[in-house]
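Participant: Here is how the chains run, residue by residue.
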Amino acid sequence: MTAPTLVVGELHDGALSDATKEAVAAAQSVSGKENVVGFLAGSSPRGPAAGFGRCGVARAFVAEDPRLDGAIDAAVAHLVASAADSVGADLVVVGGSTFGRDLVARLAVRWNAAVATGVTSLSRAGAAVEVRRPVFGGRATETRHLEGAHAAVALRPHAAAAPPEVPGEVALTAVPIEGVPPALWAPKCSGVKAVAQGAGPSLTDASIVVSGGRGVRAAENFHLIDELAVSLGAAVGASRAVTDAGWRPDSYQVGQTGKQVSPQLYVAVGISGAIQHLMGMISSRVIVAINSDASAPIFKVADYGIVGDLFQVVPALTQEVRRARGQ
Amino acid sequence: MPDFSLTPEQESLRDLARKFARTEMAPHAAECDRASRFPEEIYRKAYDLGLLNLNVPAEYGGSGLGLFEQCLIVEELAYGCGGMTTTVIAHCLALEPILLDGSPEQKERFLKPFCAEYHIAAFALTEPSGGSDPGSMRTLARRDGDQYVISGEKCFISNAPQASLLLVFANVDPTLRHKGVTAFVVPRSAEGVTVGPDDEKMGHRASSTATIRFDNVRVPASDRLGAEGNGFSLAMRTLDQTRTPIGALATGIAQAAMDHAAAYSLKRETFGKPISEHQAIQIKLANMAQAVHAARLLTWRAAWLIDRGQKGTLESSIAKCYASDAAFDVANEAIQTFGGYGYMREYPVEKLLRDAKLTQIYEGANEIQRIVIARELLRGYG
Amino acid sequence: MEIVVCVKPVPDAETRLRVAADGTTLDIEAVKFVLTGYDESAVEQALLLKEANPGSKVHVVSAGPPPRTEEVLRASLALGCDLATWVETPPGVAPDPVSAARALARAVSAVPHDLVLCGKNAGDDEAGLVAGALGELLGVPDFSSVLDLRWDAAASRLRFQRSTEAGMETWEASLPCIVALQQAWNDPRTAKLPSILKSRRLPIAKVPPDPAPPAAGTTRPTKFELPPPRTGAKLIEFKTPEEAAQKLVKVLKEEAKVFP
Chain X
1 MTAPTLVVGE LHDGALSDAT KEAVAAAQSV SGKENVVGFL AGSSPRGPAA
51 GFGRCGVARA FVAEDPRLDG AIDAAVAHLV ASAADSVGAD LVVVGGSTFG
101 RDLVARLAVR WNAAVATGVT SLSRAGAAVE VRRPVFGGRA TETRHLEGAH
151 AAVALRPHAA AAPPEVPGEV ALTAVPIEGV PPALWAPKCS GVKAVAQGAG
201 PSLTDASIVV SGGRGVRAAE NFHLIDELAV SLGAAVGASR AVTDAGWRPD
251 SYQVGQTGKQ VSPQLYVAVG ISGAIQHLMG MISSRVIVAI NSDASAPIFK
301 VADYGIVGDL FQVVPALTQE VRRARGQ
Chain Y
1001 MPDFSLTPEQ ESLRDLARKF ARTEMAPHAA ECDRASRFPE EIYRKAYDLG
1051 LLNLNVPAEY GGSGLGLFEQ CLIVEELAYG CGGMTTTVIA HCLALEPILL
1101 DGSPEQKERF LKPFCAEYHI AAFALTEPSG GSDPGSMRTL ARRDGDQYVI
1151 SGEKCFISNA PQASLLLVFA NVDPTLRHKG VTAFVVPRSA EGVTVGPDDE
1201 KMGHRASSTA TIRFDNVRVP ASDRLGAEGN GFSLAMRTLD QTRTPIGALA
1251 TGIAQAAMDH AAAYSLKRET FGKPISEHQA IQIKLANMAQ AVHAARLLTW
1301 RAAWLIDRGQ KGTLESSIAK CYASDAAFDV ANEAIQTFGG YGYMREYPVE
1351 KLLRDAKLTQ IYEGANEIQR IVIARELLRG YG
Chain C
2001 MEIVVCVKPV PDAETRLRVA ADGTTLDIEA VKFVLTGYDE SAVEQALLLK
2051 EANPGSKVHV VSAGPPPRTE EVLRASLALG CDLATWVETP PGVAPDPVSA
2101 ARALARAVSA VPHDLVLCGK NAGDDEAGLV AGALGELLGV PDFSSVLDLR
2151 WDAAASRLRF QRSTEAGMET WEASLPCIVA LQQAWNDPRT AKLPSILKSR
2201 RLPIAKVPPD PAPPAAGTTR PTKFELPPPR TGAKLIEFKT PEEAAQKLVK
2251 VLKEEAKVFP
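The listed protein sequences derive, respectively, from chains X, Y and C.
Position 154 of the first sequence, counting from 1, maps to 154 under the working numbering, and the rest follow consecutively.
Position 9 of the second sequence, counting from 1, maps to 1009 under the working numbering, and the rest follow consecutively.
Position 182 of the third sequence, counting from 1, maps to 2182 under the working numbering, and the rest follow consecutively.
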């Protein structure tokens, strides 16, 4: 008899995030559909928790309290641990996000769990949970066995495909909030303002990323990258040369000390492919490089390459993409 | 030296120099070489990090490094750019006589303010009459009360245009020949000191070299280092100290040349395969490796001996002579490995040959080194 | 302000990765371990906060095996940290992140700590677990993916941004707390030579690891794999930019199957 697996949900725009659905799929594949139990905490989780039903999850816990909005991780960890214990779950899975990783970190201590983050594949190996995850900026992959009574795993974004939507109902059980020790509610912030990054998808979430580098030559030319990204529905990234030069804010930087992304498609425009940049995107599924220098290191790691003048190729590509997508 | 490994401290120093060479020097090496430009902004950064006043003790504001540590640093800097490293070495060379023969009062007076801010020093020994024959120098220092009046001309002086402090060797009594040579610390700003235009050199073009003329330059006797007639011995003892770092400089150039050649040989294909798989190239690379390893170890051992208080004349001469000849040969073969591309200014290897050449000439031409080696060697058999 | 910064020695970015003989981990022979990435940025941030708030001190802490952990502590001291503490673990493989967090918690709780800084994750295992685990162990809040960290002394508030999936959040918090920095200082300071020499003689306090760690879940590496060597890009041949664009879109649709 497989013990239940608890999937901790997170909201995006008021509904279960894609990362949460991916977590459900991973949990279902490793524990069996009937053993997956959902969990959602927030100021009003019941409405969004119905989304679990549409993923084929039959039961879910909801923890309801206005203090649960925002990252009050200590309290959430406590609630997750007690919900997991109440059904005898031995595995907690959470989607690839900041919240997910932070929660797993706390569960490592609070729930005495064997943990792993950034996991790309999840399976069982006897009594242990086996995880695979990229390390060293995606230049290597490690396999680990999580051993012990409890395990908690945070996935990497896009590690699994969200389950197909089904018409399903989820039975909700309330988790008592009173059990949370008062000390864990210690107020730690006064006022959170979520500021949208831009019109496009966020860099770490996006399944397509178009990045520009030094080859773009000047800030005024960067719109070529933006336009290609819009045509593909992609997020925009940049190499460190670009953010150093101030053509785009630091938040655009993809690299060792910037964001690490693992989209389905990464288009590197005018980027030479220095190792610091590669460490931010090498685990992308498909890499396309556009550069005028045939000896640029990026061509060694790309799947497809165009050696040409980006000022001609990129506009032509944008136009072709628009035509192909019927825009 | 039974243990060839570096201490963590030595590794940290070497890493600092390596990082500076690769991030601050190397990116500008080609441009400075092309324009024959003295990159003061880079030397200022070197000063800020403690990579300029390498041989000056910490109590006077220098980095106070032993010769071995200096060599570790010099090799890394030379990997970035030989010319820029010559500026540093020539600067340390100029300060060395003060360290060797300056009185405690002179050391305090000259070195403390000098090291407290960015300053450059120049060592003025060589004359048109002969670099290898300093005893024949014609620059004279005439005693006049408690001053000396210096007149003459020094040529090929590294750092002359930018130096604020000059280490000048002049003869107080030409009838004594080399026994009259005397050393003086002369401020560049002294009246009568004129620096000529920059020499146009084959290599080390990021280093500035020029002629200095002394027209009745008055220098207080208190700025004389050691006694009258002490200068020749002081110059020789100074060069004893600085010979080994030249071996390190040459090793850095040789290592860079070999790295370029090896990397290129793995990428460049002819006859359907990388040229690294052709025997002709493999033999070249093997010879390069032998030369680089030998140059480094000879330099290390000489530095180690001198740090232990030995004179190390034989070992340092061998190191300087061997490493500089090796640098020239390795750079030459590196160009050959690149073939036609190696001949193009656009590729980095031809600069390395031009830089390597000077290491066979300056700080004691290799002909002189061989005479010294023979003399020291035969002494052991005599 | 008493600032504690947690660092981890990590293989240099240029390291050629090799698989150890038993196939389970990285071969660490001849690997150079350094202070780098987000940890280097965390030290830089700590020093900037110290300079902006006179009277503050920076205490650098690390848990790990000799000699690399000591080297990274000395590198931090050379950069300007005031004090260093080392929780020495057995030579060889580094402790896993949660064990490291437990060790760090022992070190941190033994010293004054208003603000505990660490990097978002380490460049090798990229687990990003230390801040959260430390938060549980020390009983203080932790904030991850932080950028633009500032201390508002007048209001006694830490102000920062957090980069999350929702976008850029603006936060303020009171001390004590833990901050995991996503900040990358594009020009972190370089230690000067005299500081490097001096750092070799500075004392490093030692705190022993917990002799009896609690029974907890463990993770065991079973395989370490390098991807098959990339053969290099298939270059698209073209005569005009339009032809290049058409061919690329076709290959992305039909061959790579990634066209949206």
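Simulated from the structure, these hints should not be mistaken for laboratory data.
Note that the structure is predicted; figures quoted are calculated from it, not measured.
Check before you lean on any hint, since a few could be wrong.
[Said to hold, decoys possible] Here are the simulated DSBU-like cross-link-like pairs (lysine-lysine), alpha carbons at most 30 Å apart as the crow flies:
1. Lys2239/C - Lys300/X
2. Lys300/X - Lys2057/C
3. Lys1107/Y - Lys1311/Y
[What the hints assert, rightly or not] Residues on chain C that point at chain Y, a partial pick, calculated with CB under 7 Å:
4. Lys2192
5. Arg2200
6. Pro2203
All C-beta atoms in this analysis are idealised placements derived from N, C-alpha and C, irrespective of residue type, glycine included.
Participant: For each hint, tell me whether it holds in the structure or not.
Facilitator: For each hint, the structure was consulted:
1. A C-alpha spacing of about 23 Å is found between Lys2239/C and Lys300/X, which places the hinted pair at or below 30 Å, so the restraint holds.
2. For a cut-off of 30 Å, the pair hint linking Lys300/X to Lys2057/C is broken: about 46 Å separates their Cα positions.
3. Straight-line distance between C-alpha atoms of Lys1107/Y and Lys1311/Y comes to about 23 Å, which keeps the hinted pair within the 30 Å bound.
4. The beta carbon of Lys2192/C is positioned within 7 Å of a beta carbon in chain Y (closest approach about 5 Å), and the interface hint is therefore held.
5. Hint status for Arg2200/C: holds, given a least beta-carbon distance of 5 Å to chain Y, under 7 Å.
6. For Pro2203/C, the shortest C-beta to C-beta distance to chain Y is roughly 16 Å, which exceeds 7 Å, and the interface hint is violated.
Hint compliance for this structure: hints 2 and 6 are broken, all remaining hints hold.
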